[in-house]
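First to last, the protein sequences are chains A and B.
When you number the first sequence by the numbering used here, it's gap-free, plus one each residue, and the end is 125.
When you number the second sequence by the numbering used here, it's gap-free, plus one each residue, and the end is 131.
Treat the hints as calculated values from the structure; they're not laboratory data.
Certain hints may be false.
Partial pick of chain A residues on the chain B-facing surface, computed with a CB cut under 10 Å [to be verified]:
| no. | residue |
| --- | --- |
| 1 | R13 |
| 2 | S14 |
| 3 | L17 |
| 4 | A38 |
| 5 | V40 |
| 6 | R42 |
| 7 | C46 |
| 8 | Q52 |
| 9 | D53 |
| 10 | A69 |
| 11 | S77 |
| 12 | L101 |
| 13 | A102 |
| 14 | I103 |
Pairwise CB distance ranges, derived in the manner of DEER restraints [claimed, not checked]:
| no. | chain 1 | residue 1 | chain 2 | residue 2 | range |
| --- | --- | --- | --- | --- | --- |
| 15 | A | S50 | B | P62 | 14 to 24 Å |
| 16 | B | R51 | A | G108 | 19 to 29 Å |
| 17 | A | L123 | B | S8 | 51 to 61 Å |
Just so it is clear, CB atoms sit at the ideal spot from N, CA and C, and this is done for glycine as well.
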Amino acid sequence: MPEERAPRTDLRRSAALENQLEQIGNRFLERLLPECQAMVIRLEACQPGSAQDLADIEMFAHRIEGSGAVLGFTTLSEQARNLQEQLQALRAAGSLAASRLAIAGQIGSLQNEARALLAKRVLRA
Amino acid sequence: MSHRPLRSVLYVDDEPDIREVVELSLGLGSGLKVATCGSGEHALQMLSTWRPDLILLDVMMPGLDGPGTLARLRADPELARIPVVFLTAKALQAERQRFLSLGAVAIIAKPFDPLKLAGEVQTIWQGIEHA
């Protein structure tokens, strides 16, 4: 029946879309692990008060917040937003000195969350 | 109000993952021709040879941001009539009126639902008065 064709097509499209989104999500998480590591190294190497380093790490957090939310990784996105807010405050204060460990810890939390999400997906697959 | 079908969209965002999601959502979900690029500057280059029906612009981008890109489009008689929709994080929704006053036809809040984006874009398109 022609009336049934459209919904079936919609369902197939929707299933195909969800499948592709899952793959994009996997790639995002896999990429995030070394990116977090690179950010921690960058953080350790940067001079206290280096506005450019803080801005770059903030941009990284902004990207994870946005992409994470669109891809359905709510906790990861919230963690990235918290990191972003902390970095904004530090940039406004003009100093990193006292907070380097706390920021490294937050990046580590992002990495742990990404690892946990990936593990869940592997188990599901 | 005419209802010329929406056939092509240009999506501009510096986030490659979100570009890929939008391309899929609109292409697979709606059968549109979707092109994407990562900056306002690149969008203007692409628009010198191609005219999409609709442009979706991220607001926060390094370099030429969304509002800056829109201003450049509106200043060009060849491109000024292409409708522009902004995609912006919920935190910036308070600026909605400002974005609309710049000439955007609508605002889509980020994060959007990839499974519903195509419908949202079609609804916006149907609400636009086409010449």
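Quick rundown of the hints versus the structure:
Evaluation of the A:R13 hint against chain B yields a held restraint, the C-beta minimum of about 6 Å falling below 10 Å. Restraint check, A:S14 versus chain B: the minimum CB separation of about 6 Å is within 10 Å; hint holds. Restraint check, A:L17 versus chain B: the minimum CB separation of about 5 Å is within 10 Å; hint holds. Against a cut-off of 10 Å between C-beta atoms, the interface hint on A:A38 is violated, since the closest Cβ of chain B lies about 17 Å away.
Restraint check, A:V40 versus chain B: the minimum CB separation of about 21 Å is more than 10 Å; hint violated. Hint on A:R42 is violated. Least Cβ distance to chain B is approximately 18 Å, over the 10 Å limit. With a cut of 10 Å, the hint placing A:C46 at the interface with chain B is violated, because the nearest CB-to-CB distance is about 19 Å. Residue-level restraint check for A:Q52 is violated (minimum Cβ-Cβ distance to chain B is 13 Å; threshold 10 Å).
A hinted interface residue such as A:D53 counts as satisfied when its beta carbon comes closer than 10 Å to some beta carbon of chain B; here the least separation is about 16 Å, so the hint is violated. For the restraint placing A:A69 at the interface with chain B, the shortest Cβ-Cβ distance is roughly 3 Å, inside the 10 Å limit, so the hint holds. Taken as an interface hint, A:S77 checks out: its beta carbon lies about 7 Å from the nearest beta carbon of chain B, inside 10 Å. The interface hint given for A:L101 is broken, as the beta carbon of that residue sits about 27 Å from the closest beta carbon of chain B, more than 10 Å.
The closest approach between the C-beta of A:A102 and any C-beta of chain B is roughly 23 Å, which is over the 10 Å cut-off, so the hint fails. Below 10 Å, beta-carbon pairs count as interface contacts, and A:I103 has none with chain B, the closest being about 21 Å; its hint is therefore violated. Take A:S50 and B:P62: their Cβ atoms lie about 18 Å apart, and the range 14 to 24 Å holds. The beta-carbon spacing between B:R51 and A:G108, approximately 47 Å, falls outside the hinted interval of 19 to 29 Å.
Checked against the hint of 51 to 61 Å, the pair A:L123 and B:S8 fails, with Cβ atoms roughly 41 Å apart.
Checked against the numbered hints given earlier, the structure breaks hints 4, 5, 6, 7, 8, 9, 12, 13, 14, 16 and 17 and satisfies all the rest.
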